[in-house]
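J.: Work out the full structure, taking the sequences as your base and the hints as a guide.
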Amino acid sequence: MKKRKFALAVPLALAAALILALGVSTGSARTQKQSAAFKAAWIYVGPHNDNGWSQAHDKGRLYVQSKLGSSVETTYKENVPEGSQVSQVIESLIRDGNKIIFATSFGYQSAMVAAAKKHPDVKFEMATGTAQSANMAEYFGAGEDAIYLSGMAAGAATKRGVIGYVVPFATPEVVRHANAFALGAQATHPGARIKLIWTNSWFDPGKETKAAQSLHAGGADVLGQNVDSPATGQYAEKKGIPWVGYDSDAQKFAPKQWLTAAVYNWGPYYLRKVKAAMNGTWKTNFYYGTLKEGFVTLAPYGPKVKAKTKAAIAKKRAALIKGKFYEFAGPLYDQKGKLRVPKGKRLSVKQLYAMNWLVKGVIGSAKG
Amino acid sequence: MRIERRLRQPWWLTVVVPVVSILLAFVLSAIVLLLTGHPPLKSFHRLFDAAFIANGALTETVVSATPLVFTGLAAAVAFRMNLFNIGGEGQLYGGAITGATVGLLLAGTPSPLVIAGMILAGAAGGAFLAAIPAVLRAFFSTNEIITSLMLNYVVGLVLEYLIFDSHSYLRDTTGFEAKVFPQGKTLPDEATWSSWTIHGLVLPLGFVLAVVLAVLVWILYSRTRFGFEVQVIGDSPRAGRYAGMRTRRKILAVMCLSGAIAGLGGASQTGDFQHQLDPRALRQANFGYTGIVVAALARYNPFAVVLVALLLGGLTNAGFTLQGADFPSGLVGVMQGLILFCALGGELFVRYRVRFAW
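Just so you know, the protein sequences line up as chains A and B, in that order.
Sequential numbering from 1 applies to the first sequence in this note's numbering.
Sequential numbering from 1 applies to the second sequence in this note's numbering.
Careful: at least some of the hints might be erroneous.
As the list claims (entries may be wrong) - Straight line, CA to CA, 20 Å or less: simulated SDA-like cross-link-like pairs of lysine to any residue:
hint : chain 1 : residue 1 : chain 2 : residue 2
1    : B       : Lys179    : A       : Phe106
2    : A       : Lys99     : B       : Asn55
3    : B       : Lys42     : A       : Arg95
What the hints assert, rightly or not - So these bits of chain B aren't anywhere near chain A, every CB distance computed over 12 Å:
hint : residue
4    : His38
5    : Thr224
6    : Phe356
Stated by the list, open to error - Here are some chain B residues pointing at chain A (derived, C-beta under 10 Å):
hint : residue
7    : Gly56
8    : Thr316
9    : Asp326
Derived from the structure by calculation, the hints contain no laboratory data.
This structure is a prediction, so every number in the text was calculated from the model and none was measured.
We treat Cβ as the ideally placed atom computed from N, Cα and C, and that holds for glycine.
T.: Next comes the structure, spelled out in structure tokens:
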């Protein structure tokens, strides 16, 4: 009986010895091999091929790789949980010689801030965040403008005037996106109501399907989403109700029911920043991409979008680009009918980053 | 072909079988790697380099292993008595909540006092949560697997409620960043648990505490009457009763001990690493459930729990290092799975033997 207690200790010790031997023998080869290519890395919260948020970033990474060719070596880490694990991932990326790191989920911010302090020679880029420093830049874009336009497609498609919207976390980013979606839907279907269900996860196909199910059961005849996977769309296709996606063109998951989606084009920003890091002109910034620059746009329409709707969306899009129209310009009322933005006023980016109230017609809580 | 229990276990089996299983894991993963066009030796080297050898890798491995030692011990302590406490996950959350609360409440007092307070509060929080299924089991013969498992979801929702859905004491409501994403209040500097650096290897207080606990659990279970009685009751409750052992008390004590250890793990997460109550990080990590795997792999031996936790922690960290644009994360999962599967499967041949009979 006694010997059994060490059953694992002995082999583990042996394995450790083996590993050390292996490490020492190949360790010297490792240091000699110095790759000439500039190394850049991305960190994703979901799979790189999630057909949503992370995939849009990965498309940007591939764009950088194809534009700069063999002079850069790009890599990514996927399914990295938000929390203490990410610091370890960042450290290992730096150990591997990456000189610029793009973190693409909000929950990585505190680890990024700590790593930026520790490694002043590495450039850090934080998507959707707020903390900026000498070697850490922030970047995102006016997703809400494109989401507003996608909401118009949803509003035009609803008959009952009830649209379901699957949402991840009750953060200002998601709240403003839900608001933009609702305002867009109300532009084409006055009085439309938007029902929210929170999944408390950026990427969770199981929970997203359940949310879509209960939204449909609750009377929604069009579905939209601010989460990362196309699970809502697959459910919508099965049930024969129209669907508005998010982040990436996911028409293939719902060929008949696909309307459109607000999508991000991260590539040009990534290319600019990687190039700058390579030639030493990298500077910190708080980048907020726009519709005009093509940073955000609409994915191609599905078969269900009528020509009339397309024309209406095109008109609003032109007005948004010219600055003649803005969805977050007053008068705007909240869920209880209280005037939040008076006529003639518009919300600033800083106010958008702290938005914690939902517009009139949205059913759900901004607290999650 | 028949599989039968070995009456005697030759000593060399405990060496040969695990070594062969680890080699088998390497061979099997090498086949998968070759089929998918990756160099096996280089991949293995990178895996172990990232887990244990590279500069600072061992420190990161210890960080990942620390919570697993706690939850592994928590599971082992209860499972020894055939008491299946699946609630380590929730008890860890509980300890994180009470630990963070005390850390915030005691702000301004000397650091050792704050840390001691957090340790006690974490243990108490975990023990309290474990006491619920313990009482139900001891007095009403409820199945503790179900009650402790269900409590995980309850505590998980409480955890999210505290930060996401309410303006609780633990939530930070000031400052721009807290408005952008709901987050817990940052603990004061006094509440940062100490750590020691030995030759570049950073040992956090939580890890040291966990190792001390492993020694204590070993002493408790192999050198005291309490431990003896627990194992008798675990092997045969009727024999225990016949010998006049107090089963109910043992159930309560063992469950609370198990819960307290898991709760300590939660306090260590906030005190050692996160420095705020972070529901998403805690919930995504699945420390409690992984702890059950650790305990099973270690066959409930407290020292083996420490080693297995280090192995699992290293494998997790290495997995993230290994994956990348040219190495899919699924393949990393296959390698980790094969190593664990072979290690566990090999155990069978230590206890049983295969007889070919016609």
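J.: Each hint needs a verdict: does it hold in this structure or not?
T.: Okay, the hints, checked on the actual structure:
{"no.": "1", "hint": "B:Lys179 - A:Phe106", "verdict": "13 Å, holds"}
{"no.": "2", "hint": "A:Lys99 - B:Asn55", "verdict": "18 Å, holds"}
{"no.": "3", "hint": "B:Lys42 - A:Arg95", "verdict": "17 Å, holds"}
{"no.": "4", "hint": "His38", "verdict": "14 Å, holds"}
{"no.": "5", "hint": "Thr224", "verdict": "17 Å, holds"}
{"no.": "6", "hint": "Phe356", "verdict": "25 Å, holds"}
{"no.": "7", "hint": "Gly56", "verdict": "6 Å, holds"}
{"no.": "8", "hint": "Thr316", "verdict": "8 Å, holds"}
{"no.": "9", "hint": "Asp326", "verdict": "7 Å, holds"}
Going through the hint list in order, the structure satisfies each hint without exception.
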